[in-house]
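Listed below, chain by chain, are the residues.
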Amino acid sequence: MTRRRLVLSVNGGDHEVWVLPSDTLLDVLHDELGLADVRYGCGEGVCGTCTVLLDGEPVNGCLILAVQAAGRPVTTLRGLMGPGEALHPLQECFLRRGAAQCGFCTPGMVLTALDLVRRRGRPGRDEIRYALVGNLCRCTGYTKILDAVEEYAGRAAADARDEAPS
Amino acid sequence: MVAPAFEYVAAGSYDEAVRLLADGGDEAKVLAGGQSLMPMLNLRLARPELLIDINAADDREPSVTGGVLALPALTRHRVLLEHDLVRRHCPLLAAAVAHVGNVRVRNRGTVGGSLAHADPTSEIGCCALATGAQVIARGPGGERTVPASELFVSYWTTALAEPEIITDVLIPARRPRQGWSFQEMVRRTSDFAIVAVAAVVELDERADTITAARVALAGVADRVVLAGPELLTGLIGGTLAGGTLPGGTLAGGGPAGGSGEDAAAAAAARIAAGLEPADDVHASGKYRRRLVRVLTARALREACARAAGAAP
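Residue numbers (numbering that gives the first Met the number 0), protein chains in the order written: chain W, 0 to 165; chain H, 0 to 311.
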């Protein structure tokens, strides 16, 4: 199998990589670009630890080929953070609520929850639960994760209200 | 696990994909959303030498013409769930897709890919049968139409020839006084269905007599199955009062019919009696058959209520 050169656009920067056609986006982000916030969990699209945003939508990094992502914007958890690794407000909520223990699932949780809040504004608890059903956490028992997302959605909605022209 | 190495080519059109597929023979596989194929590669359950990516082959949107909802095969599950035309003209499918995978799977998975994969627990396959859908398949000799009722052959096996690709899924749009219901049992939301049932019921112009009923089931055999029309004859001609089936007023109660049971329960019992679901790690065959009875009766009742306008 021949390696191909392609340019991945990750977290706002372009990266030239040489990949096998069979390399998944997860393989390349984690192993080639050293992004430890994209993680191998199950390889079946069930656990959510390899979640990245492709064209702004959550996808399974383990179920999409790197060649399929060429030239399209990819966002990992790090792409949400500000300069100097400043935490995203949703990460702050996770910290404040104790929603991360070992942290393995956290990037996928945060990206999926952020997509939900962007699309749905202020989702109810059942809606948050449904959106996160594909992100497994073996530590927290989920309650604190739901609390964190709920808090963030409430704050984001309040911010949007404050910023809206009256 | 890591997928075995394979070559990859992105087809710019269905004709190109069909050519590549014909040249590639047994060693080539079509890649659509990849949410079933890629796990099979990662688990090394499949070892193709070439993947033919059709994601760039088509960019059409769902449309409705002449009473038919036309879904391009690459329509993603999320679009099925949210698209206004799908929600209006095939609310059954929109409701069923909420049970498919998780948000990431729904962002990538496609309606044509799901049907071609032919999983026996497929919610989408179940809806295709219940609605009387057809697929358009393109091969080296051109296009042909295959009814969903002839598409599914066995576990992950369809009636499509090797170099054929599904390009469109055609679903009869919901007609007036047609009711639907989708029922599914899983242990955890987003799991593969243990049993799923899709039901469609139609009423006459007075909206009180059943003129047609179709029931499709997933998780009960080597493929999704449509209940034989003879199993539903007891239901046809039955009258509703306030959107409900009266208990014991319809003939042909079947083995579990009789007093205290409505025609939905009787039909459900007949359908369950004709199935021999297998035991597996998720559920015993006996439990599955029990679920068929319970879920089919619920589905028929809800479909009747919707057809009569007595349920949202």
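It should be emphasised that the hints constitute simulated quantities derived from the structure, not laboratory data. Quick reminder that beta carbons are idealized off the backbone N, C-alpha and C, glycines included. Treat the hints with care, as some may be off.
A few chain W residues facing chain H, derived, Cβ under 10 Å [what the hints assert, rightly or not]:
(1) MET0
(2) ASP13
(3) HIS14
(4) GLU15
(5) LEU64
(6) LEU79
(7) GLY81
(8) HIS87
(9) GLY133
So these bits of chain W aren't anywhere near chain H, every CB distance computed over 10 Å [unchecked claim]:
(10) VAL6
(11) GLY42
(12) CYS61
(13) ASP114
(14) ARG117
(15) TYR129
(16) ALA159
Violated hints, by number in ascending order, as checked against the structure
2, 3, 4, 6, 7, 8, 11, 12, 13, 15
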